[in-house]
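Visitor: Listed below are the residues making up each chain.
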Amino acid sequence: MPSKAIEVRDLWFRYEEGEWVLKGINLDIEEGELVAIMGENGAGKTTLIKHFNGLLKPIRGYVKVKGIDTREASVAELAKFVGLVFQNPEHQIFAETVEEEVAFALRNFGYDKEEIRIRVERALKEMNLYEYRDRNPFSLSGGEKKRLALASVLVYDPEIIIMDEPTTGQDYKQKQVLGGIIERLNAKGRTLIVVTHDTEFVAEFFDDIIIMVDGRILARGRVEKLLTNEAIMKKARLLLPQLAEAATYLKGKVNFTGNYLKVENFVKCIAEAMG
Amino acid sequence: MSKMGSLVRIENLCFRYFRSERWALYNVNLLVEDNEFILVTGPSGCGKTTLCRCINGLIPHFYEGEYKGDVYILDRIRVKDHEPYELAEYVGMVFQDPESQLITSSVEREIAFGLENLGIPREEIIERIEWVLDLLNIRHLRKRAPYELSGGEQQKVAIASVLALKPKVLVLDEPTANLDPASSAEILQLLQELRAKMQINIILVEHRLSLIADKVDRIVLMDQGKIIAEGNPRVILGSKKAEVIGIEIPKVIKAYRELFGEEDWVPLNSREFAEVVMYALESHRS
Chain V
1 MPSKAIEVRD
11 LWFRYEEGEW
21 VLKGINLDIE
31 EGELVAIMGE
41 NGAGKTTLIK
51 HFNGLLKPIR
61 GYVKVKGIDT
71 REASVAELAK
81 FVGLVFQNPE
91 HQIFAETVEE
101 EVAFALRNFG
111 YDKEEIRIRV
121 ERALKEMNLY
131 EYRDRNPFSL
141 SGGEKKRLAL
151 ASVLVYDPEI
161 IIMDEPTTGQ
171 DYKQKQVLGG
181 IIERLNAKGR
191 TLIVVTHDTE
201 FVAEFFDDII
211 IMVDGRILAR
221 GRVEKLLTNE
231 AIMKKARLLL
241 PQLAEAATYL
251 KGKVNFTGNY
261 LKVENFVKCI
271 AEAMG
Chain A
1 MSKMGSLVRI
11 ENLCFRYFRS
21 ERWALYNVNL
31 LVEDNEFILV
41 TGPSGCGKTT
51 LCRCINGLIP
61 HFYEGEYKGD
71 VYILDRIRVK
81 DHEPYELAEY
91 VGMVFQDPES
101 QLITSSVERE
111 IAFGLENLGI
121 PREEIIERIE
131 WVLDLLNIRH
141 LRKRAPYELS
151 GGEQQKVAIA
161 SVLALKPKVL
171 VLDEPTANLD
181 PASSAEILQL
191 LQELRAKMQI
201 NIILVEHRLS
211 LIADKVDRIV
221 LMDQGKIIAE
231 GNPRVILGSK
241 KAEVIGIEIP
251 KVIKAYRELF
261 GEEDWVPLNS
271 REFAEVVMYA
281 LESHRS
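Top to bottom, those sequences are chains V and A.
Residue numbering for the first sequence follows this note's numbering, starting at 1 and increasing by one per position.
Residue numbering for the second sequence follows this note's numbering, starting at 1 and increasing by one per position.
Next up, chain V with everything else stripped away, as it sits in the complex (with noise of 0.2 Å):
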């Protein structure tokens, strides 16, 4: 039996004496799972995942990381094996150099010199920014920083990664490499937590999301069923990834099946019809 990466039961959360930002959340996300969440801007998406490191803890109910309470264990001591990604790098960024900032918690952690030397390489390789590595992080670009702020999470290699809004600010390109990295770190057997509103690259790249509106959980299930399911788009404020717009004014004279959500499963479909 798979053993669960987060397990959160009735979770109740607000900032002070704020509004309810979390009203009552239930999740169970097992080890090696990939799933997106999904919801327009203050769905409760960032403050259900701060939950899952420990910089946020539960007002009502629990979170546990790896059968972890989240309330029983530091920031520090669940950052070993959980890495997230913020959705502003600035908020992760301090070192001098771009190097620097990716080589920190390897440091941190006590690896020896040679092997932050290689991990740090491969890492501002994959991540498109090697030959920044004397850079001041402060002097990159926007999307650069986001790139930064993943590389120097990739290059420790948590077992749970959770990434915030890591499409925003990126062009097409980098999306997809994004897309190739989080389907091979899936691929390796880690646990993969996306936030983000672009339906599109959900399409591409996920199979299972999650739904939030307004603090809860509205649904949970495959990719093509709820990206498609207007009533739920609707309600979330999300846009129909195009091919499911095109399904719409397709439907009754195509039949869809499997995720046709991807343009060569869409294609096939279409493809039968025409016979």
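It should be emphasised that the hints constitute simulated quantities derived from the structure, not laboratory data.
Hints are supplied without guarantee of correctness; some may be wrong.
Claimed, not checked - Computed spacing ranges between beta-carbons, pair by pair:
1. V:S141 <-> A:W265: 35 to 45 Å
2. A:E243 <-> V:M274: 42 to 52 Å
3. V:G275 <-> A:Q192: 32 to 42 Å
4. V:G180 <-> A:S283: 36 to 46 Å
5. V:V75 <-> A:I126: 52 to 62 Å
6. A:E99 <-> V:S141: 44 to 54 Å
7. A:S283 <-> V:K225: 24 to 34 Å
Quick reminder that beta carbons are idealized off the backbone N, C-alpha and C, glycines included.
Based on these hints, arrange chain A on the given structure of chain V.
Guide: What follows is chain A alone, placed relative to chain V:
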């Protein structure tokens, strides 16, 4: 001369930022005619933002560097010779992050600010505020403070305060980059409506081609500081060049090409795609 009547004319423009080894723009030529909606796109670092800055005068007046060639507005105003505030009457600029642009305590004050700076008479300022609040459908936001608005509302206010100056050209540099999807779609829809309602030329920088390709007249494709292709969206998005430099090709275009092969025409939205498929299904049955 054939060059007469252009709104923006860019001639052999090269620009290299201070201390940079690379040309951010190299030998760029572009003519913007009257009443056009132009999309400028390309991978990160291709020079899109630099191009916008050259049109509104931030380059060379604010960003230092090596500048060659020329940019003219309305054929006669040479950007090099005028400060950005002088150009604001002709070129309106909207940035990625609306917060950086909004400075006053109410939406109304925000719209009045630029007009006061241009020395427009009081009565006309009032008239223009009313006009632009209606144009963008934001009358209900009038007394609100810009910082308490949502990102999408802020971006509408930024657009309103720029349009109040009645510029000939509206330049928007990734105006939806920080917005959620529904708000992004709303802003892009709004641009299309503005085009229909008033004489305005739009130059828009945007990555998400599936949301915008069917709304523009022309696509300018940039890579490594150069314009590598420009023309009708169907031609540009159907070309190999777009695929090679790695911009987003809308998924209906990919699906269309797999089903129907390489043709000159490609669909620009899901409705056009579905119409072609339905036609093919029907002719197949009969």
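Visitor: Would you mind marking each hint as holding or not holding in the structure?
Guide: Verification of the supplied hints:
| no. | hint | verdict |
| --- | --- | --- |
| 1 | V:S141 <-> A:W265: 35 to 45 Å | holds (36 Å) |
| 2 | A:E243 <-> V:M274: 42 to 52 Å | violated (25 Å) |
| 3 | V:G275 <-> A:Q192: 32 to 42 Å | holds (38 Å) |
| 4 | V:G180 <-> A:S283: 36 to 46 Å | holds (40 Å) |
| 5 | V:V75 <-> A:I126: 52 to 62 Å | holds (54 Å) |
| 6 | A:E99 <-> V:S141: 44 to 54 Å | violated (18 Å) |
| 7 | A:S283 <-> V:K225: 24 to 34 Å | holds (32 Å) |
Checked against the numbered hints given earlier, the structure breaks hints 2, 6 and satisfies all the rest.
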